[in-house]
Each structure stands twice: as structure tokens, then as C-alpha cells.
Amino acid sequence: MSFNLAHIWESMGLLGKVIAAVLLAMGIASIGVVVERLLAFSRSAKESIQFAQKATPLLRSWEVETLLTTAKAHKSSALARLFAAIVERYIGGFETVEGKITPVELARNEAERQKEQLGAELRRGMSVLASVGSVAPFVGLLGTVVGIIAAFQGIASTGSGGLGAVSAGIAEALIETAFGLMVAIPAVLFFNYLTARVNSIELALARSAGELLDEMEARYVPPSSSRDSDVGERRAA
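The sequence shown stops at residue 237 when you use my numbering, and every number in between is there.
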């Protein structure tokens, strides 16, 4: 007994072919999302390592202007983008705020906004995998129902229930079911894998942002404190 996909395709009805085409499109979309996300994560990880190596000595010497320039040069790195936004808001806070809120608080608020934005960008396209993983089996089931209907139509047209009358419809039904599962299972597995990768990246970003903000808070000197010390020195004189 030979298994001829071309023959099964030719024997399918129009609706069965449409369902198979939809499943194929879902599979291609899933592959596209997985490849794009893996490449993006790989690029981001590589640039983040390079940025971290450059940023460490700059943080120790507290060269924030150079740190900002370095971070902006690594546009594919999620870590660099987060640092750039935080440092830029911190530097700008000295110029725009007069005692109402400190630059460190501004930087902390910016860090929260950036973490949310980066999290959304890291998950870009993953809703496609979730949708394909949940919908593809039902699309395959619809193809199964269509194939069974075709099998009963074969019985009705021949007036007998022999194997020849139902084989084409049964084959179509089973192929559609298998195709739906072949599309759904990898989509679910890759969705879970990518979700774990995103969670790991978000945890690393939160830890790095916290360390940067702690450093900012430790080094920040309120303008009022410096003015008070100047006044005290003049009075003592």
C-alpha cells in the first residue's frame, strides 16, 4: 500500500484544500516568528555582552556621559537601550527639575516604563505562536469533519460501503488531523521556550537596572545639601 500525498491532494475537495492551505500558512508564520525571535535574541545577547564589558569601567569611574554615548551605540542590545533611557533621564533631571522630584526618582520611573516597553518588544510575534498552537488542532479537526463528509458522499454516490468508496475521504480526514497537529505541537513547544527566554532576559534587565539605580542613588548629591554646606561655611567664616 503506497502513501501518495499528491494523489490525496488531487482527491481532496475545494474546502479540504483551503483548510490544508490555511494550516500551511499557519506553519510558515510560526517558523517565521521563531526564526526572527531567535535571531533577535542572539543579536541582543551578543551586543549586551559587548556593552557590559564597556559599561563596567565607566560605571566604576562614573562617566555617565560616556556611558550614555556607549549605550546608544548598541541599538540591538536590550540592556544598552535600557541603560541609555535611564541615564538620559537621570542627566536630564538635573536641568529640568527644581526640588520637586530628584533625578534618581525620574530615572527610576523611566526604568519601569522602559522595562514594560522592552518586555512587549521581546514578546513581539509570540501571540502568533500562541494562536497557532491553540487554533491549528481545531482547523485540522474541521478538515477531519470535511473528510468524513466526503467519505459518506462517496458511499452515497456508489451505493455501497466498500473501501474504494470511503478511502479517499478517510485519507483526507486523517491527513488534515495529522497536519493540524504537526503545525500546533511545534508552535506550542517554541512558544514555551521563547517565553522562558523572555522571562530570563526580563529578570536580567530588572537586576541590571536595579544595580544602576542603586549606583545613581549612592552617588547623587542633592543641590540643596550643597547650598546648605556653602551657607554653613560662610557663616563659620
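Since the hints were made in silico from the structure, they are not lab data. There's no promise every hint is true.
[Said to hold, decoys possible] Straight-line C-alpha distance at most 25 Å; calculated DSS-like pairs for lysine-lysine: (1) LYS17 to LYS75; (2) LYS72 to LYS115; (3) LYS100 to LYS75; (4) LYS100 to LYS54; (5) LYS17 to LYS46; (6) LYS46 to LYS115; (7) LYS54 to LYS17; (8) LYS72 to LYS100.
Is LYS54 within 25 Å of LYS17, Cα to Cα?
violated, 56 Å
CA of LYS17 to CA of LYS75, is that 25 Å or under?
violated, 44 Å
Given the hint that LYS100 pairs with LYS75, test it: the Cα-Cα distance must not exceed 25 Å.
violated, 32 Å
LYS72 and LYS115: Cα distance at most 25 Å?
Cα-Cα ~16 Å, so holds.
Are LYS46 and LYS115 close enough, with their CA atoms no more than 25 Å apart?
With Cα atoms ~19 Å apart, LYS46 and LYS115 stay inside 25 Å; holds.
Hint consistency between LYS72 and LYS100 [alpha-carbon to alpha-carbon, up to 25 Å]
Violated: LYS72 and LYS100 sit about 28 Å apart, past 25 Å.
What's the verdict on LYS100 and LYS54, does the C-alpha distance respect the 25 Å limit or exceed it?
violated, 34 Å
Under the criterion that the straight-line Cα-Cα distance not exceed 25 Å, is the pair LYS17, LYS46 satisfied?
violated, 43 Å
Against the hints set out earlier in the document, violations occur for numbers 1, 3, 4, 5, 7, 8.
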